[in-house]
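Number of protein chains: 2
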Amino acid sequence: MRCVILGGAGFLGRHIGQALAQARHEVWSVDRSPALPEASVPWLVGQVKAEYHDVASWWRRCSGADVLIHLASSTVPATANVAPLADVQHNLMGTLQLLQGLREMDVRPRLLFASSGGAVYGRPQTVPIDEDHPKLPMGAYGVTKLAIEHHLRIEEAQHALPYRIIRLSNPYGEWQRPQGVQGVIAVFAHRALHGEALDVWGDGSVVRDFVHAADVGRAFCAAATHQGDGRVFNVGAGKGISVNEIIVSLERLLERCIERRVLPGRLFDPPVNVLDIARARAELNWEPALSFEVGLERTLRWMRTLP
Amino acid sequence: MRCVILGGAGFLGRHIGQALAQARHEVWSVDRSPALPEASVPWLVGQVKAEYHDVASWWRRCSGADVLIHLASSTVPATANVAPLADVQHNLMGTLQLLQGLREMDVRPRLLFASSGGAVYGRPQTVPIDEDHPKLPMGAYGVTKLAIEHHLRIEEAQHALPYRIIRLSNPYGEWQRPQGVQGVIAVFAHRALHGEALDVWGDGSVVRDFVHAADVGRAFCAAATHQGDGRVFNVGAGKGISVNEIIVSLERLLERCIERRVLPGRLFDPPVNVLDIARARAELNWEPALSFEVGLERTLRWMRTLP
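Protein chains in written order, with the numbering used here: chain W, 9 to 315; chain F, 9 to 315.
Do not rely on the hints blindly, as some may be mistaken.
[Claimed, not checked] Quick list of simulated restraints, FRET-style, between CB atoms:
no., chain 1, residue 1, chain 2, residue 2, range
1, F, C265, W, G72, 54 to 62 Å
2, W, P42, F, F276, 49 to 57 Å
3, W, V90, F, K57, 27 to 35 Å
4, W, A31, F, V90, 36 to 44 Å
The hints are simulated quantities; they were obtained by calculation from the structure and are not laboratory data.
Ideal Cβ positions, reconstructed from N, Cα and C, are used throughout, including at glycine.
Modelling step: build the complete structure from the supplied sequences, incorporating the hints.
Written as structure tokens, this is what we have:
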């Protein structure tokens, strides 16, 4: 199948592209960033520099698509809250333009959308969080993700566009930028490698669900050909790791002590956020293959190759 | 209290304005339409012609507000589905601009938002529908209403803006335009008065919840001063009326038979949609005061005065 990744040059896009290519799919990337050196993305058949929402600008250059993987996003939770209008404009209105553009095409590709299990549910009322948990996002990022999810459901009902939604926990792994505003693993690993202290808010007991991006790639691969009734799947580790445990794992892998800089706890951080991945296990026949230690080791190995 | 109604010149705005004035509040209207003749809106202290989202353009002219009633909307369900981008731009982004504008003010008015019980829940899974029913909107209109609801919740949490959401069933009554694209009561009453046939999709057994707009006005009045923890309230009749029953009521009030034009049933119409109004009864100490027959009679009486 021809798979086109919108946002294929990013951290997740690379992992998902690799996984799709390993499963013998033809993989294209559409990205607003300039094309990457071909040697760095050997799994790609082609790259198109274009805005994801302007379907006409990339559709024919990829010769269409059987599966579209929609990862394009201009925000992360922190930036969406600071500039919610820009978040709505690029991500929600952009996706509506994408859907309208696809209606013009003579085929209906399957659309896989990367949503956020950390953002759409809000403060967990039960843990682990399954897909039917109430959706009460605590920030603009989650509101936009949820609105896009609703529009996809409506688009299938009204215009027969098949879709699957993957609600991700906290992906980490190679290619995640350590200078980013999200991705605590990348930030911690990079600082630890360079002998810098790690900022810990509160007592470090906050628990999150971290999933290696290679496992995320395999989940998208499964969703690309899934035949059941399910439309929304949590994809995470299904178990939690505390901030303190991350640091202990880093200390073990680096074989030295890491300095912590303790800051006041942040009240708005829910103490625990772990996804229930039973549905993905049952319907996608997927589960994470990499343990946290192995995933972290891979991440560190890659990070050592950075200049 | 000073109450400013955003969209105060419309059908609901007039009823809510009247109800607030009867409760001795000072009522202003902000509307993009030209000011109405003062004699036609005697309950208003003042009118400002402005776009609701441009707070600076109306805030000082109303001398600020203790309560803002946000009814401004450029769409109805049918038009939002045809032009979802415009719906998001005017209604969602407009509301985000409103919220940003209010942050600049030195007081935090209470914001009352008119949401839609007919749109945000989607196909009813249980009837009557209470406020905790899953939210699976079946059209763009409901997705936008729901996104605005989430942003209000977040705005209170992050910026201390007090709010209440009123999820309306199907309001009807005086001032509802009979040529509109929504409002079956107004359309039916107008056609029946003029001896025209009524379009009935299917067997006329479809049941909806109709609430007279004067009762909606009283509900907003109660929400303006509500002190409890509730933030979201269904406001409807709490019981259903079928399309056939509407016609029978019209026949009784007009004392003659009305011709029906039977059209094929519309599959996307849920057979029943009735709101559970127990929370509004308990917390707002509100319930509808007008029976359907009395409300319909008032509507017909007003409609006879139209040119």
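The hints, checked one at a time:
Distance hint for C265(F) and G72(W): a CB-CB separation of about 57 Å, consistent with the stated range 54 to 62 Å. For P42(W) and F276(F), the Cβ-Cβ distance of about 45 Å falls outside the hinted range of 49 to 57 Å, so the restraint is violated. Between V90(W) and K57(F), the C-beta spacing of about 32 Å keeps the proposed range 27 to 35 Å intact. In this structure the hint that A31(W) and V90(F) lie 36 to 44 Å apart at CB holds, the actual value being about 39 Å.
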